[in-house]
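Novice: These are the residues of each chain, in order.
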Amino acid sequence: MIKVDRVRKSFGPLMVLKDVSFEVAAGETVCIIGPSGSGKSTILRCINHLESVNSGRITLNGELIAYREAGDRLVELPEKEIAMRIRNIGMVFQGFNLFPHMTVLQNLIEAPIGVKGEKREVAVERGMEYLTRVGLANKADAYPAQLSGGQKQRVAIARALNMEPQVILFDEPTSALDPENVNEVLQVMKQLAASGQTMIVVTHEMGFAREAADRVIFMDHGQIIESGSPNDVLSWPTNPRTKAFVGSVL
Amino acid sequence: MSDQTLQAKAPMTEPPTGEGPAFFPVQRERSSWSYVSGGIAVLVLLGALYGLAANQHLKWPVFFQYVLSGPILNGLLITIELSAFALAMGLVLGMFVALGRMSSNTVISAIAGFYVWLLRGLPAIVQLLFWGNIGLFVPTLVLGVPFTDITFAEFRVNQLLTPFVASFIALGLAESAYMGEIIRGGLQSIDKGQREAAAALGMRRTRILWRIVLPQAMRAIVPSLGNQFSNIVKASALVSVIAGGDLLTTAQNIAGQNYRVMEMLFVASFWYLAILALISPVQHFVEKRMRRMDR
Chain A
1 MIKVDRVRKS FGPLMVLKDV SFEVAAGETV CIIGPSGSGK STILRCINHL
51 ESVNSGRITL NGELIAYREA GDRLVELPEK EIAMRIRNIG MVFQGFNLFP
101 HMTVLQNLIE APIGVKGEKR EVAVERGMEY LTRVGLANKA DAYPAQLSGG
151 QKQRVAIARA LNMEPQVILF DEPTSALDPE NVNEVLQVMK QLAASGQTMI
201 VVTHEMGFAR EAADRVIFMD HGQIIESGSP NDVLSWPTNP RTKAFVGSVL
Chain B
1 MSDQTLQAKA PMTEPPTGEG PAFFPVQRER SSWSYVSGGI AVLVLLGALY
51 GLAANQHLKW PVFFQYVLSG PILNGLLITI ELSAFALAMG LVLGMFVALG
101 RMSSNTVISA IAGFYVWLLR GLPAIVQLLF WGNIGLFVPT LVLGVPFTDI
151 TFAEFRVNQL LTPFVASFIA LGLAESAYMG EIIRGGLQSI DKGQREAAAA
201 LGMRRTRILW RIVLPQAMRA IVPSLGNQFS NIVKASALVS VIAGGDLLTT
251 AQNIAGQNYR VMEMLFVASF WYLAILALIS PVQHFVEKRM RRMDR
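So the protein sequences, as listed, match chains A and B.
Numbering of the first sequence is given in the numbering used here, commencing with residue 1 and proceeding in unit increments.
Numbering of the second sequence is given in the numbering used here, commencing with residue 1 and proceeding in unit increments.
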């Protein structure tokens, strides 16, 4: 479904992605792990074009996401067309980024109505279903400031789901949470993975990766060092850098 | 040593409840100086008020004769209209100025920066005199395509720019420079994550601005609107230099006929202070309504 092909990205002189390539199939949950500064968040942000790339192709169902081909080069698409494609890619951020001036339900229906042109009743009905699934139907009329961190992140997940995206990107979704709130979010994500939602998750939660991921990718210094089943990468890593990292976090 | 250890290990009895008589309550005492200084302040104030009321040269009946008179109320209305229009114009133009300043297009942001520098840098009275006298060097205004003979319409500037219109333009333009900076500050105070979250949901730039960023920025902008309005009301007194027909112009015109300069200044002052006294409660109310969404 998602194909990342030899993507290169630098911030000034610092190259943060060095020809990164991987694929994610429909229904798969892929966890990207690695030390901070390894480029794992950057590759996620490149997929939905919050960051531009220097070279390489990122496609969703075979279609380039933010660029068009012009000979042997890529040219950025107009903003309108990028927005059209990005609505198929959900994102959950480390810092939640809920809209504080809207209620929980308004957060969920803003984009389906405003971007997709859905009828209000349709967006509300489906939004309430997703709020029920993340266990927060009773908070529909609350404002984000009234919620705990774990509740905010569950709302953020429901907000992404309400756009019915083909894939959801999770950028360290539990890193900003108090320890007692981490599990409620991971539970929701596990259910989501089990339901067949395609997910790419950048995380430090090795327990989640082991339990919910179909595949684990280990990144370091802008490169994919090792990739395979959770058992292979987390229990029997072959590369010394993977061994060192897994040894340090477990 | 062993004593302390024993105490530390002594079993806790009941947990404290916060009920019953307090343990060593703290008492606050006001120093006798505060009574003395407060008394002196009241005396000075009373003395000043008495001096005003009893002054032989101030004819209070004149004040009361004019404070509710037709011309003065008409001037008051013009002052309020002028201020409200100028604030509205400042808001609308200020929005463009702010967006221009934040534009990634360097030509546009440089022009917007120059605009702010020019209109904030020139004293308001200079700008008023400029717009009030512009008919002197631009006698006609031509609407058409520059550098061609194509014209759509032609106006005589002196008919178009009455003192009221000139005052309105001058105050509104000056205000737009200040509002532009206030709006820009408000827009830039919004966390980058808000734009990213909206973009990730497929929203486009204009939609993100109107639905996500601007409503949040209003919380930073609205409190300063009250300040800006009171500044404009006071700045509007300057339009008396181009006979703008406002409160102060009217008061001075009357003073020119009856020679009661002080009384007429008091009449004008009374109304300026009355307008400003109304702004605070309105501002308070609006801010309270906006704060509903935080917790």
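Mixed in with the good hints there might be a few duds.
What the hints assert, rightly or not - Below, simulated DSSO-like cross-link-like pairs (lysine-lysine); rule was C-alpha separation at most 30 Å, straight line: (1) B:K288 with A:K190; (2) A:K18 with B:K192; (3) B:K192 with A:K116; (4) B:K59 with A:K139; (5) A:K3 with B:K288; (6) A:K3 with A:K243; (7) B:K288 with A:K80; (8) A:K80 with A:K139; (9) A:K139 with B:K234.
Hints were generated in silico from the structure; no laboratory data involved.
As the structure is a prediction and not an experimental result, all values here were calculated from the model.
Novice: Holds or violated: are the alpha carbons of K3 of chain A and K243 of chain A at most 30 Å from each other?
Specialist: holds (27 Å)
Novice: Are the Cα atoms of K18 of chain A and K192 of chain B separated by 30 Å or less?
Specialist: holds (26 Å)
Novice: Measure nothing beyond the straight line between the CA atoms of K59 of chain B and K139 of chain A; if it is 30 Å or shorter, mark the hint as holding.
Specialist: violated (66 Å)
Novice: Are the Cα positions of K80 of chain A and K139 of chain A separated by 30 Å at most?
Specialist: violated (33 Å)
Novice: Take the C-alpha atoms of K288 of chain B and K190 of chain A, compute the straight-line distance between them, and say whether it is at most 30 Å.
Specialist: violated (42 Å)
Novice: Please work out if K3 of chain A and K288 of chain B have their alpha carbons no farther apart than 30 Å.
Specialist: violated (50 Å)
Novice: Tell me if the straight-line CA distance from K192 of chain B to K116 of chain A falls inside 30 Å.
Specialist: With Cα atoms ~23 Å apart, K192 of chain B and K116 of chain A stay inside 30 Å; holds.
Novice: Between the alpha carbons of K288 of chain B and K80 of chain A, is the straight-line distance 30 Å or under?
Specialist: This hinted pair is violated, its Cα atoms lying about 38 Å apart.
Novice: For the pair supplied as a hint, K139 of chain A and K234 of chain B, is the alpha-carbon distance within the 30 Å limit?
Specialist: Not satisfied, since the Cα-Cα distance of roughly 47 Å exceeds 30 Å.
Checked against the numbered hints above, the structure breaks hints 1, 4, 5, 7, 8, 9 and satisfies the rest.
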